[in-house]
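2 protein chains.
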Amino acid sequence: MTKTFANESEHQAFVAAQAVMPQGFRAGTTRFEFVPAEVTKPAKMNLTLLVADEPTTNFAAVFTRNAVAGAPVLIGRQRLAQERVGAIIINNKISNVGTATGVADAEAVCHAVGQALNIPAQAVMPASTGVIGWRLPSEAIVQALPGAVSSLSAGSLASAAQAIMTTDLYPKARTATVGGGRITAIAKGAGMIEPNMATMLAFVLTDLDVPRAALRPMLAEVVDRTFNAISIDSDTSTSDMVVALSSGKVPCPDLAAFEQALHDVCARLAEDVVRNGEGVHHVIRVTVKGVPEAAWAKAIGKAIVNSPLVKTAVCGNDPNVGRVLAAVGKTIGAAGWPLDPRQARVAMGGHAVFANGAFCLTPAIDDLVRAHLEDTELYTSKGNAEGMFYAPVKYPPHDRCVEIEVSWPGHATDVVIVGADLSHEYVTENADYRS
Amino acid sequence: MTKTFANESEHQAFVAAQAVMPQGFRAGTTRFEFVPAEVTKPAKMNLTLLVADEPTTNFAAVFTRNAVAGAPVLIGRQRLAQERVGAIIINNKISNVGTATGVADAEAVCHAVGQALNIPAQAVMPASTGVIGWRLPSEAIVQALPGAVSSLSAGSLASAAQAIMTTDLYPKARTATVGGGRITAIAKGAGMIEPNMATMLAFVLTDLDVPRAALRPMLAEVVDRTFNAISIDSDTSTSDMVVALSSGKVPCPDLAAFEQALHDVCARLAEDVVRNGEGVHHVIRVTVKGVPEAAWAKAIGKAIVNSPLVKTAVCGNDPNVGRVLAAVGKTIGAAGWPLDPRQARVAMGGHAVFANGAFCLTPAIDDLVRAHLEDTELYTSKGNAEGMFYAPVKYPPHDRCVEIEVSWPGHATDVVIVGADLSHEYVTENADYRS
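Same order as they appear, the protein sequences are chains A and B.
Take the first sequence: its letter number 369 is residue 363 in our numbering, and every next letter is one higher.
Take the second sequence: its letter number 4 is residue -2 in our numbering, and every next letter is one higher.
Rather than coming from a laboratory, the hints here were simulated on the basis of the structure.
Incorrect hints may have been included.
Identical copies go unnamed one by one, so any copy, or any two together, can satisfy a pair.
Said to hold, decoys possible - SDA-like mimics (lysine to any residue), calculated; alpha carbons at most 25 Å apart, straight line:
(1) 376 <-> 358
(2) 376 <-> 361
(3) -3 <-> 219
(4) -3 <-> 50
(5) 87 <-> 141
(6) 87 <-> 358
(7) 38 <-> 389
(8) 388 <-> 289
(9) 87 <-> 108
(10) 388 <-> 426
(11) 87 <-> 6
(12) 283 <-> 328
(13) 38 <-> 332
(14) 87 <-> 312
(15) 376 <-> 10
(16) 87 <-> 160
(17) 35 <-> 354
(18) 283 <-> 73
(19) 35 <-> -2
(20) 388 <-> 351
(21) 38 <-> 77
(22) 388 <-> 68
(23) 35 <-> 108
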């Protein structure tokens, strides 16, 4: 089951194989320099265009629940009422949030895309990621747009997966087939990730013919169990969105099979997002079982993966299991749920560390849990001469997770939350640079 | 108003001046070596004894809301029903949480303290802080107890404030006088700090005669606005407690004046706890105004000080104000409150950065906010040759805070939350060591 990568090329080949474009779509990218309005130093931006051969009625999208929503989110919500969507225009570098001209700037870009593709501006979905508070350079984007249009091609989403990145170390794409059709999704996101609707940005393309009325509830349900069940740093972005487009080129043989494939693609892509999170040394997968309410189980799992003390202990390969139980107790105590932590069984890497109301720690158990942490580590870090920390690899060496299970007897719920540790690399990424 | 300290001795003199013992109490400490049951390496533990000349009926205590409560918390809750309390016995190094014998171990210690002081074991309040999951070495504590008893003396709480520390860099004590009487409190706590009842451990002694019926609601109210309004890392400990004892030696002239003094002592001590938090470079004080419900204001303030992205940006003296608004929006959006972030005004260091629905960022504002961050920094860090980060000072050079204000027009609420940034020193403290 475990997948390992020996080097960056092996991982690139894997992403390329996953990035197969479904029928009926083309993608194009371009890169340009501009001077942001807020500073004097030039910056570089990638523009990515995803285009359906024919605008489709079968599209779905879910957006961040952050009450401060970016202009693309505000516009995207309106687009849901449109009959058809034919293109998605994506920029990195600036997230277009909270500026006075944000919506007008994004609409100007959509207008230009519509003209270039000969579709209505209202059939263009905008998406932005990057700095919050800066203005979208709509004129520079419109100038650069022909470069993206002329590069449009079918066959692969690999360049698009690369171009939408910001602090991501590597591109992320996942694919699955159902009958003769295909679902392929790409995502970006490495910080400000606790999606409360979707990861930073994820785009799902399928040639399977799934009508809008089925696609929309299905996407919402799948996102809730995948992208909404991950957290890198508990910070829900202002710009999260997942957009799904169906070109309808291939008849869908089985809606249930489609939903399962959509779930698999989204679950694997969501885990990719965590694995490539800022400074992530370990992916932590928490399974919470036997809790009366799924919402409680989700909160308990989130509390564990968001606890700075659990995160730092995992980072240090330190089997500090007391911090896991403390996070469980903090959550239950604050909420006042009738759920007794003393009845819980806590296991790490399959080894019970708390059971029957007490910790069952021995030097032997400690060694086993430590070995599990070492086995699931992506890399060990070392500061450079300036005291800065950078990830030494630009690919995930393996896909193993730190497995934490918290279970109560009796109930049937089973919720999985995927999070990450907290490292010097996260601090370097977010504190050691000056904006 | 600002207080600065040029070196450790200046700060020690300040703590000594604050640690004046109210009449009617004595304190003693001792230190000993023992071998924990779970490992083979010897460890050192401090034992601290706070004793009232006469057991008092006038005592109050508030405890953690973590559903996984330590044995001292379980016992302390029972002690509230006792007629009198005469002593508090405190150990560091092991928090006595989640072991099969925890309550019996703590009661054995209380029994020995009662015998040594000739008071009932039920008049002894236990308190423990340190590793979760290890057994309390009750026999070694009982053996060391005579050392603490023989050192009992009146006059100062300075040695006790020192002895209760774990990862704290320096002792914390605060005092205030009302009429001819005095309130003095000491606290420890530097990690796993988001008290949901009290900080890790805080002890308030007063010679003012305040009856139990007045003292208990007053302590609960004051703790809610002080210790319960701080967060270092969002992790509510399993062992938090605040205990207040009155010796009744001085008539209390005015209960309202006493409550105000109690608030001032607790507020200053709570801020001391944050300032001495693990790896703290900046204390962040968030004032939230104009929110219909105080609970919403508290949640918004907590979300800002607990956002890893806000914390790391502040650590880096980076005026990344977008992250502050994103944290506000995340909280409001997840809760679904009818509160519009676009109506909010956000200021940092007194400078408006978001108003009238849009960011008002300019290079000049950016410079002013950056200067405020630099001015409020406690120290800048530098990794050593091994890539480990240690605080270069063992005293707080000043008491300035990063001031963040989020306000809506109209309503009268005004909630203050005190938190801290997130630094390499926090990661070194919690990940770079192996347990």
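Evaluated hints:
Taking the shortest Cα distances, residue 376 and residue 358 never come within 25 Å of each other, neither inside one copy (29 Å) nor across copies (37 Å). Taking CA atoms no more than 25 Å apart as the test, residue 376 paired with residue 361 passes inside one copy only; the shortest distance there is 24 Å, against 32 Å between copies. Taking the shortest alpha-carbon separations for residue -3 and residue 219, only the intra-copy value of 23 Å comes in at or below 25 Å, while the best inter-copy value is 51 Å. Proximity of residue -3 to residue 50 under the C-alpha cut-off of 25 Å is found in neither arrangement, the shortest distances being 36 Å within a copy and 65 Å between copies.
Within a single copy, residue 87 and residue 141 get their C-alpha atoms as close as 18 Å, which meets the 25 Å cut-off; across copies the closest is 63 Å, which misses it. Proximity of residue 87 to residue 358 under the C-alpha cut-off of 25 Å is restricted to the inter-copy arrangement: shortest distance 22 Å between copies versus 49 Å within a copy. With identical chains, the CA atoms of residue 38 and residue 389 are at most 25 Å apart within one copy only, with a shortest distance of 23 Å there and 44 Å across copies. Taking the shortest alpha-carbon separations for residue 388 and residue 289, neither the intra-copy value of 35 Å nor the inter-copy value of 43 Å comes in at or below 25 Å.
Proximity of residue 87 to residue 108 under the C-alpha cut-off of 25 Å is restricted to the intra-copy arrangement: shortest distance 22 Å within a copy versus 66 Å between copies. For a Cα distance limit of 25 Å, the shortest separation of residue 388 from residue 426 qualifies both inside one copy, at 20 Å, and across copies, at 23 Å. For the identical chains of this complex, residue 87 and residue 6 are intra-copy neighbours only, at 23 Å inside a copy versus 48 Å across copies, given an alpha-carbon limit of 25 Å. Taking the shortest Cα distances, residue 283 and residue 328 sit within 25 Å of each other both inside one copy (20 Å) and across copies (24 Å).
Taking the shortest Cα distances, residue 38 and residue 332 never come within 25 Å of each other, neither inside one copy (53 Å) nor across copies (38 Å). Taking the shortest alpha-carbon separations for residue 87 and residue 312, only the inter-copy value of 17 Å comes in at or below 25 Å, while the best intra-copy value is 36 Å. In this assembly of identical chains, residue 376 and residue 10 lie within 25 Å of each other by CA distance neither inside one copy nor across copies; the values are 31 Å within and 41 Å between. Proximity of residue 87 to residue 160 under the C-alpha cut-off of 25 Å is restricted to the intra-copy arrangement: shortest distance 7 Å within a copy versus 43 Å between copies.
Proximity of residue 35 and residue 354 under a CA criterion of 25 Å is satisfied inter-copy only: 19 Å between copies versus 57 Å inside one chain copy. In the homo-oligomer, the alpha carbons of residue 283 and residue 73 never lie at most 25 Å apart, since the shortest distance is 39 Å inside one protomer and 35 Å across protomers. For a Cα distance limit of 25 Å, the shortest separation of residue 35 from residue -2 qualifies neither inside one copy, at 40 Å, nor across copies, at 37 Å. Taking the closest pair of Cα atoms, residue 388 and residue 351 never come within 25 Å of each other, the shortest separation being 43 Å inside a single copy and 39 Å across copies.
In the homo-oligomer, the alpha carbons of residue 38 and residue 77 never lie at most 25 Å apart, since the shortest distance is 34 Å inside one protomer and 71 Å across protomers. Proximity of residue 388 and residue 68 under a CA criterion of 25 Å is satisfied in neither setting, with 34 Å inside one chain copy and 49 Å between copies. With identical chains, the CA atoms of residue 35 and residue 108 are never at most 25 Å apart, being 31 Å at best within one copy and 70 Å at best between copies.
The structure fails hints 1, 4, 8, 13, 15, 18, 19, 20, 21, 22 and 23 (numbered hints given earlier, in ascending order).
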